[in-house]
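The primary structure of each chain is shown beneath.
Protein chains: 4
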Amino acid sequence: MKLNNHPSGRHFLQLPGPSPVPDRILRALSLPTIDHRGPEFGVLGLQVHAGLQRIFQTRHPVIIYPASGTGAWEGALANTLSPGDAVLMFETGYFAAMWQKMALRLGLQPEFMGLAGTDAAGLPNGWRRGVQAELIEQRLRADSGHRIKAVCVVHNETSTGVTSDIAAVRRAIDAARHPALLMVDTISGLASADYRHDEWGVDVSISGSQKGLMLPPGISFNALSPKAIAASHAARLPKAYWAWDEIVESNKGGYWPSTPNTNLLYGLAEALQMLHEEGLPHVFARHQRWAEGVRAAVHAWGLELQCVDPAVHSPVLTGVVMPAGIDADRVRRTIHERFDLSLGTGLGKLKGRMFRIGHLGDSNDLTLLAALAGCEMGLKLSGVALAGSGVQAAMDFFAAHPQHTTLQVAA
Amino acid sequence: MKLNNHPSGRHFLQLPGPSPVPDRILRALSLPTIDHRGPEFGVLGLQVHAGLQRIFQTRHPVIIYPASGTGAWEGALANTLSPGDAVLMFETGYFAAMWQKMALRLGLQPEFMGLAGTDAAGLPNGWRRGVQAELIEQRLRADSGHRIKAVCVVHNETSTGVTSDIAAVRRAIDAARHPALLMVDTISGLASADYRHDEWGVDVSISGSQKGLMLPPGISFNALSPKAIAASHAARLPKAYWAWDEIVESNKGGYWPSTPNTNLLYGLAEALQMLHEEGLPHVFARHQRWAEGVRAAVHAWGLELQCVDPAVHSPVLTGVVMPAGIDADRVRRTIHERFDLSLGTGLGKLKGRMFRIGHLGDSNDLTLLAALAGCEMGLKLSGVALAGSGVQAAMDFFAAHPQHTTLQVAA
Amino acid sequence: MKLNNHPSGRHFLQLPGPSPVPDRILRALSLPTIDHRGPEFGVLGLQVHAGLQRIFQTRHPVIIYPASGTGAWEGALANTLSPGDAVLMFETGYFAAMWQKMALRLGLQPEFMGLAGTDAAGLPNGWRRGVQAELIEQRLRADSGHRIKAVCVVHNETSTGVTSDIAAVRRAIDAARHPALLMVDTISGLASADYRHDEWGVDVSISGSQKGLMLPPGISFNALSPKAIAASHAARLPKAYWAWDEIVESNKGGYWPSTPNTNLLYGLAEALQMLHEEGLPHVFARHQRWAEGVRAAVHAWGLELQCVDPAVHSPVLTGVVMPAGIDADRVRRTIHERFDLSLGTGLGKLKGRMFRIGHLGDSNDLTLLAALAGCEMGLKLSGVALAGSGVQAAMDFFAAHPQHTTLQVAA
Amino acid sequence: MKLNNHPSGRHFLQLPGPSPVPDRILRALSLPTIDHRGPEFGVLGLQVHAGLQRIFQTRHPVIIYPASGTGAWEGALANTLSPGDAVLMFETGYFAAMWQKMALRLGLQPEFMGLAGTDAAGLPNGWRRGVQAELIEQRLRADSGHRIKAVCVVHNETSTGVTSDIAAVRRAIDAARHPALLMVDTISGLASADYRHDEWGVDVSISGSQKGLMLPPGISFNALSPKAIAASHAARLPKAYWAWDEIVESNKGGYWPSTPNTNLLYGLAEALQMLHEEGLPHVFARHQRWAEGVRAAVHAWGLELQCVDPAVHSPVLTGVVMPAGIDADRVRRTIHERFDLSLGTGLGKLKGRMFRIGHLGDSNDLTLLAALAGCEMGLKLSGVALAGSGVQAAMDFFAAHPQHTTLQVAA
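Taken in sequence, the protein lines are chains A, B, C and D.
Residue numbers for the first sequence follow this note's numbering, beginning at 4 and rising by one.
Residue numbers for the second sequence follow this note's numbering, beginning at 4 and rising by one.
Residue numbers for the third sequence follow this note's numbering, beginning at 4 and rising by one.
Residue numbers for the fourth sequence follow this note's numbering, beginning at 4 and rising by one.
Isolated chain A, as found in the complex (with noise of 0.2 Å):
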């Protein structure tokens, strides 16, 4: 299969998911298929599902299903919603507005709110923040009849670059106290940005396999809270592909009611035993640290960040905006026939106008440093004027700044 058209060297896979996959679990894909009835598969279930909870930082059930994240959206609105429904969801982003079309398919009415307006740059005042957990708060305390069933965030927004903050959130519902359930798009966030399921009361997280877990897509997760559960019960929307009860009983013994997706999963007890080596703080340091360095790089190029709150600057990705007169895909097109480097496009209401950085998954120093390397000179080809070398800054950054390592051979 020819997955490449460079005569020489490995692509660079720069996007904010799928991220490189590390050696380690493309060949843990590789392993021959096993009876997902057979003993040895109970062991295999047991331990993914263990790995899980410490990732998602949660003592409750983890759905495992075989489906992209897409899948698990659809999951978690099918289990704890009826027909008809209202839920609250908040505009960060094209990602959040794909969910929002999803609830409006599935036959839900949702809310879409958000920050109005665009700025200066012609760019969404919306798309370049985080979630306003103020906002929120406002809106539930005036639902006093409790029409809202849910409320949906999405917590890292790949589309934009910006991490939102989920525990305050659950502040603000509890403020209102207001009984909707919360459940949070964590799809990008996991396992590369901090995550606490049970101690910021996210009654369903939503998360994806080709993102921090370094896994290729196509296995997703429900994590779910006892709240959500007894919602389950009462639930009106069809489901049975979806259905919690029957995969929940059946995990138990660490196998599934339809068939598993046996290679996935393969990979992602390896992901799970990558992270639990490093560990997660280490894991979460590690991210912060490249997203620094990649922002140091914007910065002395005298680009843009799409994230205009320092606060909430994601861990996993970048978001560049383009000078005005720069269409980004031409950007990237060149960067990409040039240097065979994949950067992340600009999505719905930022087409054209951005590109995204992606640092995560099986990268380390110079690696990120040749995909900026790469971004530097494609900028310049195409014609971007750069106030000053992105790479240079990058190389300062992370010369100035060790990374921690767990890991030492024996001297």
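It cannot be assumed that every hint is accurate.
All copies of an identical chain are treated as equivalent in the list; a pair is satisfied when it fits inside any one copy or across any two copies.
Okay, derived cross-link-like pairs now, DSS-like style, lysine-lysine, Cα gap no bigger than 27 Å in a straight line [said to hold, decoys possible]:
1) Lys104 - Lys255
2) Lys230 - Lys255
3) Lys352 - Lys5
4) Lys383 - Lys352
5) Lys354 - Lys230
6) Lys255 - Lys352
7) Lys255 - Lys5
Rather than coming from a laboratory, the hints here were simulated on the basis of the structure.
Everything numeric in this text was worked out from a predicted model, so none of it was measured.
Position chains B, C and D relative to chain A; hints supplied.
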């Protein structure tokens, strides 16, 4: 990862799926994940769609879901039907029954017809034979108001080893001049048994990756007809993840609306290439020959086949009924522990009564003889009195009937 | 790369080496190559040396050559001997004869002793039995001037399936009070048959990667004794690539003076780990049990074993003599073409008279039964009259004699 | 196996060999080992020989040894020379010196000529320039008795980064009308730098797997001329493993007299296919371009190149001399620990004075920029005062000089 508790040698995965995955495919699975929105991906997407059309023998769109086969069942129903719709489903075994349960869960009104009663061995008559097309014709003739919106049948019943005559079902519907859609589960039939979506007038064919396509589980398919597509525009079951319309549109360029299962698509491309190299007629003949060899063994043992109608023996798997008083699962456990061989369990009404030998995927005469040797030793160790040597019978058959080999090393 | 002309299934490599390589080892081979002068490499180098010492059962240095076993033969001779030196070599088969030819080429004076004559079947007597230690003792006693500098014998004769008693050879040398070095080729014996370099007083043991160590060919070994090392200081055959002194010195840190065969060393480390997990006594017992099952098959067929002395049947391979008028290579060709099974050819004086079944490497009861089934069908197709079913006999043996399993999945 | 002490990302192997091995080749290495005497193997053997002839640009036999490059040096000498023969060897660096030591060990009389003295930097003059053909001509003219049997030179001196003019050496020998054989070590030159065995009149070319062929170490080569083959019939150094005659004979059918290194041959077949797909002229241009970019970086840093003659800069590696007082190995260690990047050490007379950057194997612009970034940060962290940014200079060069790409995804 420890997937095998034996000190040496390869595990024998002799289930009717997941089938043993060829090394070529396992290797393809472990290629680096690429950007699912990049140009290389579009080439891959178009390639797998064209290949799948050849396998389904159709000129119409084929949907690929990141989901197991159960999801593709849901896709077929959710896209074409509306709440409360009646569907006629024919009971041929466990998987027909599971599909019927799903229809209920989704708010449809399945009518589950089939042969009644049990036979001398206490086994349900309907689970030992194929779909009875004449009964379907009768039932549809009686439905003068065309309340029945779809006829749902299973092509190759994985739980029993029976391959039903789908062309006959089509003729039955036509003879009754009934407008119902014909939906066929060929999850375990496709790419092992002959299957002709267009010629047989199937409206939705459902299939999966882990059987004749020799992939791990995780992707599944809906092959469509123009009539099914037309029905999907009027159908009112809520659908989002499963919705055909956006997928078909996006597939035109080789892409997907949500994140596709990239690495399983690599495996799929490799599988399609392998099937193409061998040629579908040779693929079908290969499975027929294997099945005949395995049945020769069962006859020599003096044991009963689950399928009692010689016209519909499955080329993919063979169900072997245990004599009264023998727990088939205990036999399976002995064989697994002693000989590192996994066989299919008896499902649903057949629990403990029979086991299933898969003869598909990465197999050849010698691996099948090995599997039969494992069965024969395990049956004896379990106290089953055998009439003769099944291994000997299968050796005689295989030696006397050379397999067609398409590929030759130059002299 | 097209390595198999059959459309489906795994090739059966049933040679006495290269043995079927376990997947764990094939995967290890494909790890990225690292700097052979870096710190990670030193750790690897020390690890494989320690592991090899456990396998050779020695406390002395083991040399690893990037070379096939033939190279290690040369290493043993070139390091310890001088031009014109007499060496006593015992003819047990083709490989003993090849080693003798090498000694000639290197300018040594090999004396090639062995049993004379041929038997009723026209096969050379010496190629059906092991080393006759008492003949060696006689010869050494007659060498009062100690002109003979080394005694060279083959532990497991890969061409015949005879495993000689090395301890007896040591006793013979000692009984003759002769100072000759004892050099032993255990290329195909090591890690399948018991072998004790120190306890048996071997001075140079020669081995290779592609037999009991289950690796591809490409690295080979010299295990040394202090006496051999002392001899190497005085020996005058020219030596550079093979020279022990620099290698031993460099190995102390885990490195090599010239570039080592990095990726085969990854495989070696994995193989040593696998052997360690299972435990050497279990490894030896496993091969003995397999050999017994295969001999039961040959007896049932009514065919003759190449090895006529039951005390020295090889646990690694079994030579099967063809009846008069049957070309063993034609039988092998039929089996290869029809059943994708490779057997060992008759070498040298045995050309066309016999074939060899390897029972080592990544095998288990079922793969061996499959191999025997291939032989049985092929023998019949070739017109060989068989007395009975060897497969049946081997099934009876394996079923009646469970293999020790060290590894268990938790209940 | 733990080969990397960093928590994330790929190791950068920026040595002048082993070079980074492309994934395609690593995968080929892990194909199942086959019978080296079977028909499939013969096809492989013939294929790799034909491919090697294209790479050496020769119509004559090429010997493949299961051995590292050192072994191939020995093969060249042992096949063509007799004890006490004089050979003229030219000192260009560490590897020339090592080959000369081997000649001594084998009982030859090497005359080691070269440029005398050290320069201002205290570095040996001869190790900063290529072979001086006119000195060879002078020396051969003086050898009127033709005592010198061979002239031995290194094409690409891996220890210094100097690529000598081999055609000039041929002209020198011819001008002196001297019958000496011309033997050339192109271990690190072949398949990266232009090399023409036949056109340049080389008698024995020596090469290895782990440089331009992008394989792990473990196989090495002798390309022969008719004159070398003729010489081998008269030569009297003992030879067995290295003997060309039996190998050439056996190779005619695609086989070897002793066990070949099967899995490295899989890798070799894949490497030859990759080089063929790209085309040798593009391969050479690619390395030249990389080398130019790297030298631009060294110039920008204000550091000295090891090679002081611009006519013979190596396309494969660049030696970088450290300012007085800086221990190059300490710099390398810092870079390795902080940035997971391995550079080549200073060898022999250059120990601690310089390091070497390899620019070959599975690389591209971005990986080389990453390597340069690692060097630049490490140099600064080690207190080396730099004149400017080498990374910037290389980015400017690479951006201004697009690489030829042969392979295109269809529009």
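Going down the list of hints, with the structure as the test:
1. Taking the closest pair of Cα atoms, Lys104 and Lys255 come within 27 Å of each other only across two copies (22 Å); inside a single copy the shortest separation is 34 Å, beyond that limit.
2. For the identical chains of this complex, Lys230 and Lys255 are intra-copy neighbours only, at 19 Å inside a copy versus 42 Å across copies, given an alpha-carbon limit of 27 Å.
3. In this assembly of identical chains, Lys352 and Lys5 lie within 27 Å of each other by CA distance neither inside one copy nor across copies; the values are 33 Å within and 45 Å between.
4. For a Cα distance limit of 27 Å, the shortest separation of Lys383 from Lys352 inside one copy, 25 Å, qualifies, whereas the shortest one across copies, 43 Å, does not.
5. In this assembly of identical chains, the alpha carbons of Lys354 and Lys230 never lie at most 27 Å apart, being 39 Å within a copy and 36 Å across copies at closest.
6. Taking CA atoms no more than 27 Å apart as the test, Lys255 paired with Lys352 passes between copies only; the shortest distance there is 23 Å, against 44 Å inside one copy.
7. Within a single copy, Lys255 and Lys5 get their C-alpha atoms only as close as 42 Å, which misses the 27 Å cut-off; across copies the closest is 20 Å, which meets it.
Hints 3 and 5 from the earlier list are contradicted by this structure; the remaining hints agree with it.
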